[in-house]
Amino acid sequence: MSETTFMSVPRDKISWHPTIDYEKCNFCMECATFCPHRVFEQREGDRRLVVANPNNCVVFCRACSKTCGPDALSFPDKQATIAQIRQIREQESVQ
Amino acid sequence: MNSAILSCTGLDKPEGSVAREVAIRMASSANSEIICPVLLNRSLARYKKVLAENPLIVVDGCSTRCASKFAESLDLKIDRKVLVADASKSSGLTLEPTLNLGANGLALAQTIVDGLVQSLTAPASTTQPAAPSTEFPPPGEYLVVTHDKFEFRIPSTDYWFNENDVWVRPLGDVARVGISDYMQQSLTDINFVDAPAMDLAVEQFGELGTLESSKAVFEVVAPVAGTVVAVNPEVLSNPTLINEDPYGKGWIVEARLADWKQDVDLLLDGSAYAAAVKHKAEEA
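So the sequence lines, in the order shown, correspond to chains A and B.
The number in our numbering is simply the position in the first sequence, starting from 1, with 17 added.
The number in our numbering is simply the position in the second sequence, starting from 1, with 485 added.
Source of the hints: derived by calculation from the structure; they are not laboratory data.
Careful, some of the hints might be misleading.
Heads up, simulated BS3-like pairs for lysine-lysine below, C-alpha to C-alpha not over 27 Å straight-line [said to hold, decoys possible]:
1. Lys30(A) - Lys83(A)
2. Lys554(B) - Lys574(B)
3. Lys634(B) - Lys734(B)
4. Lys83(A) - Lys41(A)
5. Lys41(A) - Lys95(A)
6. Lys562(B) - Lys534(B)
7. Lys574(B) - Lys533(B)
8. Lys554(B) - Lys41(A)
9. Lys83(A) - Lys562(B)
10. Lys566(B) - Lys763(B)
11. Lys634(B) - Lys533(B)
12. Lys83(A) - Lys95(A)
13. Lys533(B) - Lys83(A)
14. Lys533(B) - Lys566(B)
15. Lys574(B) - Lys700(B)
16. Lys566(B) - Lys41(A)
17. Lys554(B) - Lys533(B)
18. Lys700(B) - Lys566(B)
19. Lys95(A) - Lys534(B)
20. Lys746(B) - Lys30(A)
21. Lys562(B) - Lys746(B)
22. Lys30(A) - Lys763(B)
23. Lys566(B) - Lys95(A)
24. Lys562(B) - Lys734(B)
25. Lys554(B) - Lys700(B)
26. Lys554(B) - Lys534(B)
27. Lys83(A) - Lys574(B)
28. Lys83(A) - Lys566(B)
29. Lys700(B) - Lys83(A)
30. Lys533(B) - Lys41(A)
31. Lys41(A) - Lys574(B)
32. Lys566(B) - Lys554(B)
33. Lys746(B) - Lys95(A)
34. Lys700(B) - Lys746(B)
35. Lys574(B) - Lys95(A)
Note that the structure is predicted; figures quoted are calculated from it, not measured.
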């Protein structure tokens, strides 16, 4: 699913997506199998998974990390993201 | 209080070794009967009596949650759960990177055992969730979003939603929180509710517990900031109530509101959420 806005803020202005720690990732693909929004992709010829579509990630969703046995997925700080969203909304309401 | 305990086998990661150690210590110090997952897989009958007569504790090592998934596959009723990886983070005890437990691993195992023993032996009055503080009338009219063969209901008034499919219904300075019809259908049958602690103070978009189904672990993203004042005891014992009546009897938490006026700015009313559900259903 590609959401174009989140709380009226353009999705691509919100920094919210998983980051993969390749030191921990064991290439089990549980996260890619689980995520219905096609955030992750595996490139041909590379066993590593990549965050190919970060803006498909549902803001504040961390469900993939709850499937990750090796704890290789991390997300930004929620409160910082909320502050960012509020700031953008305030700027856009002023304009 | 006696119990049955099903743990990770402890043969893949240090977290698993801690789970196994917890089971062993619970057996020796707290009258728990260990359910060997390998033997259970071969012979459910071997454990039928102990599972029927005792609350089941499941201890998962990591987020793969093999033990939980195995229990769910056998339709075993889980009384309480521990995830060692989370316990490691919350306790600050970082595990040594070996299957043979080091000092931190052993300390973490004992910390988990102490917590389990305390929760099993505490008087019911201290472990039972508080009763709902307010009578909330049932939802009135619904909006209905149709997609293929699916219908998703959304109360047209009195309920607000975040874009993470969690609703809030304020009444005075208290609000009820639950998940939407769209999300309960997406998750399918919910089989475990990990409720937030009483008196927990949560920020808007913070975590208000998790719901587990065979499809996913769903984080209940708080639609409002507040303090937990009640947890629905009915959904703890019967999680599928959330599937059956997501806006009524399947409520999850009550919270005393911290700043409704600020929080509502980042929420959707029924008609706006209906538009969001339509978009989600079409894109899914």
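Now for the hints, and whether the structure bears them out:
1. Lys30(A) - Lys83(A): 25 Å, holds
2. Lys554(B) - Lys574(B): 22 Å, holds
3. Lys634(B) - Lys734(B): 25 Å, holds
4. Lys83(A) - Lys41(A): 15 Å, holds
5. Lys41(A) - Lys95(A): 23 Å, holds
6. Lys562(B) - Lys534(B): 13 Å, holds
7. Lys574(B) - Lys533(B): Violated, because 34 Å separates the two Cα atoms, which is more than 27 Å.
8. Lys554(B) - Lys41(A): OK: Lys554(B) and Lys41(A) at ~23 Å, within 27 Å.
9. Lys83(A) - Lys562(B): 21 Å, holds
10. Lys566(B) - Lys763(B): 35 Å, violated
11. Lys634(B) - Lys533(B): It is violated: about 39 Å lies between the C-alpha atoms, which goes past 27 Å.
12. Lys83(A) - Lys95(A): 16 Å, holds
13. Lys533(B) - Lys83(A): Roughly 30 Å between the alpha carbons, so the hint for Lys533(B) and Lys83(A) is violated.
14. Lys533(B) - Lys566(B): Holds, because 20 Å separates the two Cα atoms, which is no more than 27 Å.
15. Lys574(B) - Lys700(B): 25 Å, holds
16. Lys566(B) - Lys41(A): 25 Å, holds
17. Lys554(B) - Lys533(B): It holds: about 18 Å lies between the C-alpha atoms, which stays within 27 Å.
18. Lys700(B) - Lys566(B): 18 Å, holds
19. Lys95(A) - Lys534(B): Violated. Lys95(A) to Lys534(B) sits at ~46 Å, over the 27 Å cutoff.
20. Lys746(B) - Lys30(A): 25 Å, holds
21. Lys562(B) - Lys746(B): Not satisfied, since the Cα-Cα distance of roughly 41 Å exceeds 27 Å.
22. Lys30(A) - Lys763(B): Distance ~23 Å between Lys30(A) and Lys763(B) Cα, so the pair holds.
23. Lys566(B) - Lys95(A): 26 Å, holds
24. Lys562(B) - Lys734(B): Answer holds: Lys562(B) to Lys734(B) is near 20 Å, not above 27 Å.
25. Lys554(B) - Lys700(B): Since the Cα atoms of Lys554(B) and Lys700(B) sit roughly 10 Å apart, the hinted pair holds (cutoff 27 Å).
26. Lys554(B) - Lys534(B): 21 Å, holds
27. Lys83(A) - Lys574(B): 14 Å, holds
28. Lys83(A) - Lys566(B): 15 Å, holds
29. Lys700(B) - Lys83(A): The given pair, whose Cα atoms are some 12 Å apart, holds under the 27 Å limit.
30. Lys533(B) - Lys41(A): Given that 27 Å is the threshold and the Cα spacing comes to 38 Å, the pair is violated.
31. Lys41(A) - Lys574(B): 16 Å, holds
32. Lys566(B) - Lys554(B): 12 Å, holds
33. Lys746(B) - Lys95(A): 20 Å, holds
34. Lys700(B) - Lys746(B): 35 Å, violated
35. Lys574(B) - Lys95(A): With a Cα-Cα distance of about 18 Å, the restraint between Lys574(B) and Lys95(A) holds, given a limit of 27 Å.
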